[in-house]
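Number of protein chains: 2
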Amino acid sequence: MENRITELFKIKYPIVQGGMVWCSGYKLAAAVSNAGGLGLLGAGSMYPEVLKEHIQKIKKATNKPYGVNVPLMYPDMEKILELIIAEKVPIVFTSAGNPKTWTKTLHDAGIVVAHVVANTRFALKCEEAGVDAIVAEGFEAGGHNGREETTTLCLIPQIRKAIKTPLIAAGGIGSGQAMAAAFALGAEGVQIGSRFAAAMESSAHPDFKNEIVKAQEGDTKLTLKKLAPVRLLNNRFYKQVLNYELQGASPEEFQVLLGKGRAKKGMFEGDVKDGELEIGQVSALINKIQPVQEIMDEVISDFNATTLNLAKLSL
Amino acid sequence: MENRITELFKIKYPIVQGGMVWCSGYKLAAAVSNAGGLGLLGAGSMYPEVLKEHIQKIKKATNKPYGVNVPLMYPDMEKILELIIAEKVPIVFTSAGNPKTWTKTLHDAGIVVAHVVANTRFALKCEEAGVDAIVAEGFEAGGHNGREETTTLCLIPQIRKAIKTPLIAAGGIGSGQAMAAAFALGAEGVQIGSRFAAAMESSAHPDFKNEIVKAQEGDTKLTLKKLAPVRLLNNRFYKQVLNYELQGASPEEFQVLLGKGRAKKGMFEGDVKDGELEIGQVSALINKIQPVQEIMDEVISDFNATTLNLAKLSL
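So the protein lines, in turn, are chains A and B. Counting in the numbering used here, the first sequence runs from 4 upward without gaps. Counting in the numbering used here, the second sequence runs from 4 upward without gaps.
Heads up, some of the hints might be wrong.
A pair holds if it fits inside one copy or across any two, identical chains being indistinguishable in the list.
As the list claims (entries may be wrong) - Simulated pairs of lysine-lysine, DSS-like, Cα-Cα distance not exceeding 25 Å:
id: 1; residue 1: K164; residue 2: K224
id: 2; residue 1: K167; residue 2: K315
id: 3; residue 1: K128; residue 2: K217
id: 4; residue 1: K224; residue 2: K242
id: 5; residue 1: K242; residue 2: K228
id: 6; residue 1: K242; residue 2: K229
id: 7; residue 1: K217; residue 2: K164
id: 8; residue 1: K13; residue 2: K315
id: 9; residue 1: K164; residue 2: K291
id: 10; residue 1: K167; residue 2: K291
id: 11; residue 1: K217; residue 2: K276
id: 12; residue 1: K217; residue 2: K167
id: 13; residue 1: K62; residue 2: K242
id: 14; residue 1: K242; residue 2: K63
id: 15; residue 1: K82; residue 2: K55
No lab work stands behind these hints, which were simulated from the structure alone.
Please build the complete structure, drawing on both the sequences and the hints.
Below, the structure is given as structure tokens:
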């Protein structure tokens, strides 16, 4: 398949690996790029010097295109951008902020820019800002998420109708079947997060990966809506959060409960009871830790089988 | 297309119209059945004598198969079941209760039984109870919904994996594209609610239909989680509910706020400010009031175009 997404990123398959905090180091991103997808480093959990190290390592680990995901509320944005430009990173995915702020700077440096949104309003802003691709992320996605709670099934057709820019679907996609569903809705590429978070090459703590594998239906919830909505996996910390929500705690009380470094504690250091475990609903469908190549092979073969089956259906 | 759903219900298209309270009278159900889908009367908002009248009217309005949706927490269940059996209704969709309670009684009367679930645990119960088809309804669906908040994109593959019974997807489906997506995920039929609620033949108040047409992204939310989760459309009543939730109100306080007859007031009598308006997220994609035949034609033609397009995609 060749389409606008494979052409834009110069990749073989229109499959992007989510640039997730604490999971997406150079090993994961390089493995995905080497397998024909687009690997992304997750700058959201890296100090500038750590990101620099990962960029330099991924350049040695793959000669395929790769990118960096940068949450725009990052405290050290200027430094990060300078570094990305100096290191000649070819692709940047921005998220959690206004796409207008940095797109021109990145374009001027010859960088391809995608931006992550959870609603049509921001997708339109992306188009105005001239971003090259839009990632539309539904309610079922792990980690930070939109306030509208629009699911991928409803979000993709809405954004498809509103914009002409190449569109990547995210949230709830961990299989070739879900990828085919996203394409049916109008997406031209998919972003897969949770399934790659549990991959062998992910930098997530092994105990967190095991929690992803054990996760069942209903084990994640969109929480912390009074601060910024985030989808978390069921553990002791999550139960505290839900309790606070039932009791109508104030944003300040949530802030105290959250404290600092909760996500690192859970996802990277493996405190799976009291750490913050960001993961998608699709974790209920993930039941083993696999190497990236195996995941890619399965997604591709399931996608092909699914589209072939659908081809036989006509009303 | 012929598959297990068309064969089971003896219908032309595997498209079921949701049996929605205050919307699904005999006119809507007969129109859907006449157009080759399966029309359902929504018994949830009918006294036994009203249901009897609608059953007798639908028999005159169509010679195609039709069904009745019965929420199992209905206060007058025995009477309703007696009536359904006496009137020789061919198909019953049960919801909001244990599928074991009534399936045998209905089967003994020669009635085809489908049951609506929002999680795999209940889908397995359905299979044990021997129901003939399962409707799996995702988080984006309007009205009453599951506590797990699993979206259609994540729910369908989970239930597909767990059961062998014919599977109908519901929640977020109002187009042929979404129908194709549901089939990619393993569904063999779809249930369409919101789009038919806004159909010309729906018994919903015209002012409620206009609100559905006006609805934008983010205008529905799953609310009343301390009682039974229900997806509502943004209006004055909904804002009160959200406020109560932010403040951590008790179930008793919610009960007082809700009062009696709120859904009838909004959906049937047209008090769109203070009534309870149950509708799905997909309302943001619905932008006109159409006759049922036109909706069916569009869904069918979009489904065919979508599967044809997907057929060309191979990785």
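Exercise. Please name the hints from earlier in the document that this structure breaks, with their numbers sorted from lowest to highest.
Key: 13, 14
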